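Each of the two chains sits in its own frame; use the hints to bring them together as a complex.
As given, the protein sequences belong to chains A and B, one line each in that order.
For the first sequence, the positions run 1 to 291 when UniProt numbering is used.
For the second sequence, the positions run 1 to 928 when UniProt numbering is used.
Since the hints were made in silico from the structure, they are not lab data.
Computed from a prediction, not measured in an experiment: that's the story for all the values here.
Cβ atoms here follow ideal geometry from the backbone N, Cα and C, with glycine treated the same way.
Facing chain A, according to a computed beta carbon distance under 7 Å, are these residues of chain B, among others:
(1) L8
(2) K10
(3) G15
(4) V16
(5) K18
(6) V20
Across the chosen pairs, the derived CB separations fall in these ranges:
(7) A/D120 - B/I261: 40 to 50 Å
(8) B/D27 - A/N196: 47 to 57 Å
(9) B/K779 - A/S43: 36 to 46 Å
(10) B/S420 - A/L182: 39 to 49 Å
(11) A/N196 - B/A13: 28 to 38 Å
(12) A/N196 - B/S199: 51 to 61 Å
(13) A/V242 - B/F7: 36 to 46 Å
(14) B/V20 - A/R96: 22 to 32 Å
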Amino acid sequence: MASVALSEAEKVYIVHGVQEDLRVDGRGCEDYRCVEVETDVVSNTSGSARVKLGHTDILVGVKAEMGTPKLEKPNEGYLEFFVDCSASATPEFEGRGGDDLGTEIANTLYRIFNNKSSVDLKTLCISPREHCWVLYVDVLLLECGGNLFDAISIAVKAALFNTRIPRVRVLEDEEGSKDIELSDDPYDCIRLSVENVPCIVTLCKIGCRHVVDATLQEEACSLASLLVSVTSKGVVTCMRKVGKGSLDPESIFEMMETGKRVGKVLHASLQSVLHKEESLGPKRQKVGFLG
Amino acid sequence: MLKSKTFLKKTRAGGVMKIVREHYLRDDIGCGAPGCAACGGAHEGPALEPQPQDPASSLCPQPHYLLPDTNVLLHQIVSAWRPGTWASVASSLRLPGSLETYVEQEQGENANDRNDRAIRVAAKWYNEHLKKMSADNQLQVIFITNDRKNKEKAIEEGIPAFTCEEYVKSLTANPELIDRLACLSEEGNEIESGKIIFSEHLPLSKLQQGIKSGTYLQGTFRASRENYLEATVWIHGDNEENKEIILQGLKHLNRAIHEDIVAVELLPKSQWVAPSSVVLHDEGQNEEDVEKEEERERMLKTAVSEKMLKPTGRVVGIIKRNWRPYCGMLSKSDIKESRRHLFTPADKRIPRIRIETRQASTLEGRRIIVAIDGWPRNSRYPNGHFVRNLGDVGEKETETEVLLLEHDVPHQPFSQAVLSFLPKMPWSITEKDMKNREDLRHLCICSVDPPGCTDIDDALHCRELENGNLEVGVHIADVSHFIRPGNALDQESARRGTTVYLCEKRIDMVPELLSSNLCSLKCDVDRLAFSCIWEMNHNAEILKTKFTKSVINSKASLTYAEAQLRIDSANMNDDITTSLRGLNKLAKILKKRRIEKGALTLSSPEVRFHMDSETHDPIDLQTKELRETNSMVEEFMLLANISVAKKIHEEFSEHALLRKHPAPPPSNYEILVKAARSRNLEIKTDTAKSLAESLDRAESPTFPYLNTLLRILATRCMMQAVYFCSGMDNDFHHYGLASPIYTHFTSPIRRYADVIVHRLLAVAIGADCTYPELTDKHKLADICKNLNFRHKMAQYAQRASVAFHTQLFFKSKGIVSEEAYILFVRKNAIVVLIPKYGLEGTVFFEEKDKPNPQLIYDDEIPSLKIEDTVFHVFDKVKVKIMLDSSNLQHQKIRMSLVEPQIPGISIPTDTSNMDLNGPKKKKMKLGK
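Isolated chain B, as found in the complex (with noise of 0.2 Å):
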């Protein structure tokens, strides 16, 4: 049936439109209810449950289904999500019968008056719906509202009406569940202390008038790590001057939280302060503390010369939230039986949360996720309320999820959509997959992977032709074969981005099937691939390049060892080994030449950990050994990938998915320069060659690690490598490389970036169609932007992980002394590395109850003297390395000097392990 719908609308220009669309009731959908014959065939989309699993609520004994209102779902939608106890809310979110259920907006009616008449027509509807249904099986439908009138209303009309917290009371058998309401009561606020501490926030309307004319600014929030006082704001725009606002104060803060997209107005430049370079956490319980914190707000404006001062402004309106659910853990409140307690979460930047429990004792020491409501304008902290408990604080499991949340890693299992686009199983290569492919099965490839490798996404092979020169072959799985564009599982991978690798956990981009069977290059089957082959002569010189899709037969998975053992052993000679020899012979010329051209061999401390198999816990760190065949592999990636960026970017010079990696700015490598100066080395850093050069030639007799040393130093020197659009930008440069042009291609089964540009490629040779999307520059622009955001998260959450596991792995060990080399001298710390474990540490040298030391700190130089020993960059040092668990939340490790023995710094070699667990760890702890 038709209706028109009419509205009116104010237009930018200021004039008032009338807008008519027609609308279509439809008469096809049904109720939901399996076995409801007067809905028939129109069961589509989820259905209800057959028989609602009695959440015995003693308010409606019999089985029920709900119906919230849209206030109540969008608020409660933490607490309705959850399996088991409101699942039937889930399903019944649909309105059926449009055609008896549609409502028109009446006379002297609100929008929202009408909706909420809707809803109850819907539920009515409902039940005279469901008594139609069936006789004997009295099925209800309860409506849940918040609204008192609608409620009203809703009993008038004889519908069985509760309000959220009414019905989620009586569930007598899920008693927690009450704490998951997101408090919305009026009656919570009003015992907050009446007092005003924030000014209000203004409407969205002034805002965006302020911002118009200039008065306003608009910017995220970002709140500082250090000091809870402070926080800066990144204007958005391109304007130069004024980029980076600071705001100081609770009251200049007014309530924003980290990330939000607020509006801030400027101070005048005579209130203008400068950062402040105190550490502050926030301990306060109570409201009263705000007398402290003006206090403590007058300590951050120590006295600072007029240059130092930055524009200062004050938050003025939020323009967007950007609340997520917090993980982090529960500060029980002193009072006894009090309900209401402080939540810190693990990230320092988000402000405490106060939320309302009765289970806080259980609770407590475990990891939790917290949801904020609201943040009134008379009360200290923002209100919330529990979502999930992760589990204890230090189980694996436990701080693995959180690191996963932390870094906004996608890790959920892949949902029922999502799987649905994967092939049937049992699956083979079909006449249709043929089409356009080469048949290479009689070739001799083989792969080469890190032992316990399952997703195997390169192969390689190399075979002498009867002209005398060499066919290699890089054989990537072909990925873009089974994720078709745009599907949910295209979309799924592209949010995931890449595959997360954790210490022991690896988090799929693509689900198993997938990443570890269909995909995966295993020896003995015949597999999908994408082939990049050349020819080359003996001196590995490319006369040919060839990209074709192909069906490969991988004769043998190697790990490096194997092929290492292979290659040296002289007894072998079957047509693998001989195929890596040529390959390594190959490599080995293509990476003297790559340096040759200035590509850069940087290091950085990797350490794989040795699990235990039983416990999963780390029993010994080892650092990862570095083969030929290793760089073998690479060099030929390399190589396919460079040849893959130029084909793309020939065949599509505006939407060509590339990878670039700036070159530093020079003063990025100041601090390389002068810790080689100080072992009197020169490093020369103007061009990739000659940092490349000098970086060789940095070797000192007397001191083997060095080298080592000064390329993990100009590692940190880099700038990250970032994907784009080669539409977007002009400079394409792989400084790291030293390539024009580079771009991945060869793990389509870990990054979705290669999956793109698989796409493009197939493009570029004719063997599958092109999609709107794919050349579309913006929309690819979107992609880049999303993966090196994940791929940033990725890294971030794998070294969470690794520090999780070498805090585990000391914890197990004790505290143990080892040798360390310092890396950086900071005013008052050193931060050393450990090789053994490559573990990297700070020693501070300042405590807060301990009379200070004297310290000398010189930044040309750079060193450090403590009393009379001075420390340089690359000094060896010997340190105690512990557990520090003082703070449950951030349990980290502690490095504390051995040697140089400095009196009343460093710790005696002697002392036992008892002694320092006794009062010695106490100092340890202060010493923040």
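Chain A extracted, bound-state conformation (with noise of 0.2 Å):
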């Protein structure tokens, strides 16, 4: 992953600062830095969305494809995620430099997918064992500044908001063979409930306190950090350990409660933000290197 060199004066800074509730860049350890969501940027997808979280540039595009059900799961369409890691984000990335970082994410994403809550895949299925909706989740990263799985995570929820999903019937004839046919109003479309989507909150253990939405400096300070993937009503979906430092268990229980806390903190903004940005209309002016 991308890392900065930081002298042992700065390291101690940093930590020294944490200690007292105060960060570098003046926020609390609680506080996340400001977030820009613009959603409905990529016009050939079914949905998209763009997530700025202070230096950290994501661009999730959901694209919705027609495929056949697991086997395992025979009324259920499904969600595959691939992540892809710009080496305009970092000359690390260049070549296959970023697809370890991509794997991992991807794979961390389809863990906190992994349940049956997050989203209803019912209703992706178009007719049982033969027929569903496949949707294909994006994610590039454009640029690192820190908190990384954060970032994607509500950016990976604006975009399943977004995603509208072409409504089709499936028509049988007298032969039994089938027939998709498609709904000529491009409006008549099916939306997905993102209300379940959990969000990442990654909790850096610096010194004896821990923070969320750490910079790529303050990650430099930290030996060990949290995942904990959460819903907007606090429920824990996922949790994960990163970084080689060690956590006591009295300290996971307390990242745990904090990620709870600040989890649904941040989903509530980011549904007012959404739902703010949906009753704009299509006529809405787009912003951003996209707009």
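As structure tokens, this is what we get:
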């Protein structure tokens, strides 16, 4: 992962600051940086979102394509994740340099969505055992400024919220062969319920305290961090420890509690932003680099 | 301004694709109204009339423009497309100011609603815009739609809107326009008896599925000329079996019309039928005849042997309609005051069409054009509407128009777009033209053509070189210099394909300026030419061939007769005459050599009409006379064509346009061999050479005309010569000319094929540049297909024109008796040829209301024995010729036997004409 080189003095400065609940950029330990969210930014996807979190810049596109359901879940559709670490984020990603990170993030995404409640996969089924929608969630990492996982999870949620799946009908003729008919009204489409889609809150252990939404510099001072994926109701769907340091059970418990608390607030504000944007309708002026 | 347009599309694999297109909205389209300051510079394209002519509508008295919606325009284009009445429609087709009038699809609105709204927005914009333009001149835009909801919404939005019918009815000045409205109104169909006659057509998606799975077959529907209850479907694709499927009975035909692309379902073998030999014409007038129809259908199913049964099917759906406007006549309804009448098309393969008109009495006895609108399930006949009145039956202009329309000959005057590509007059040869061109103006070139020819496309010269050899040049008008590839002029000529020569009219392929002036190699003017120059020895052996673009100055335009006269008169020794003599000498050698190789000299009775200079009625017929000079010109044209064919094939082996004449299958010759055998002559048909030789030997001292008759018969055995692209075929042989390769190069003014060949040759010699389409063999193959079709149609039109003039001739001449020779013997008739008029006709021996004479037909000899008289092929008979006008639509020449006399069959020679016009003629009518 992208990293910065910090001198010992800088590290001490950061650690001491966190101790006092005052971070280098003036935030408290449980404060997020300013998040910018814009949806419907790539017109040829079914849903898309771009999220900027400090210097972290993420673009997510969701493409709905027709496929066959998985054997073990004949009446459900499924999601596929792919993370592309663009070399424009950091030169380290050049060539196959970003593949490991990409796979790691994609695997994490698979894990946090690997439960019945996060997305209602049954709505993605068109005809059991034959046709279902497959949502290809493509994440493009444009810039790394720390706290990738949180930014990506926010962007995925926003993109899923924005996703419009065309409504199709299955017609069956007398010979039993099925034909799929597409509605000719472009506004006639399925929306996904994203209420239970979790977001990741990463808690970085710095000194004996932990912070959310760590910057690159802060990440460099941390030996271990905990990813907690939380739904808007505060339910933890998945948890993962990253980093080479170790965490004692007590602080893990503390971090989980913080994660739940911060996660709920994060969901609430994300939801309100998304609804506000939605209410502007299709005539909304697009901003940002794709606008 | 840029907008993006997003829509979903189903892919062939079954997936769904989201497609995003960038949409640039223009801001430079003006309203088209002249004098509009707001749209100042944006006046391009067609303009609106400054003061729309007042069509005198009682609904909106002030001048106005019309803005029809898409459906109205599509369905009523025929009525709209009439100058003077709806002229404003055509120019208001465009939607101006697309920035202001752009409309995006809204939620809950389907694509059609969106389009309707867009048109309404445009209408509103127009009204507001025109108001701004000038306050005193209140022009209005009237919105025409047939959609009730759309109209209501428009009126709500303050746009004056009417339905098409309302508006047309209000046009007090043009009451006849209402007839032209395509009948779409639903009430119209309800009057029909509610009984469903036909089964439903399946939707296209099902048909495609069925065709894919093999349950249905796709093919072209070909109605039978003889029997309206029967048709065949030619199955597309190349599966060998079931190539042709028979359909029998109205229900199985299921509203398909000649030339439609249909899907058919094969019936089980137990229901297969044989093609019936009964001649049936639709005479029913009412719907109630359906039961009778069924009776008739049973009549078709006569007992037949197993072997005769053919695959039989029924139409399940229509893939593509191929309707066109049809020529024909009105059969006025028996009920007085009725507005619904049946229309009988001239083409017997087209069913009768029901039309609604108030002008039945004026249209009676005239040739009219009718378009089909639809064919509901409960209607015995398709519904249509009146389009155009061509004129009185029998009028020369009307009949010419009819035969041009029926043979699909494009004959409209050239459009402005086409004419814009003509060179500006006065035209002269410039420096630029001289590039890549040789100056041959000093040569003594002359042209030899039939009298009265204005499109001279070939000229010749011959001179002795210093080395003792002869230089012979064929100079062809350089049409490809004027017709540049791809422009409107080129496209139009490509579409026309050929100039069509009718008896008293010529339908040009290229505008007259080119055909009769700039490209015509007239004498004493400089003309651009494409020359083919050979160096030959006195034995007519080619030593050197050269092709070049050139400039020539013809010294004389001669007719065949004049040229012949010069050659024959010993005291003329000028340059032209020596040149002609040299050519003639070489031509004789060339011809001899060609015949030795096995080229056929065939014959067909060609006639020319002597026209009355005042009335343009034919006053006499004359068979064409052939002179030595005819064959002289022909010989050099053949030589040029062959040389060019070799050259372009050498240069472009994959995409040379060539002409081939396939050898006929041996079975074609059967009739010729049999006929000759009956006269104790032997005709060998194994090769072209043996055929030519045996034809030469087949002479009878007592019967000099026999040889010509045999040659006429041999012509009938031949196949059609066709154009093709060398890359798409591997058989190049020209059977008739006995040449391994052949093309058309010598008549670019009247044949488009020659224009292409000129272009190919010009590229080959580096005199012109190529273009992509020229070297695309698929494009070339498409061109060939069109050319072959046009040539065939031109030939048919020509024959039809001759037939019509023959009728006119006999109409004026009354009834005549002439000597004739039997060409074919049929089961119940003989086909005879009257050499004097080059006229062919059929003498029938079976008449409906008479006891049938005893007919014994022998296929082997072939001969027909009637009572005691036996008829063989080539027998001399005497026939009476008269015009049968019992069927106004299809007037024809009727012939009846005079000699040899057979009691009860032949007509006594001494009956006066008066007598014949009376009761006898009536009998003739019935004997159809």
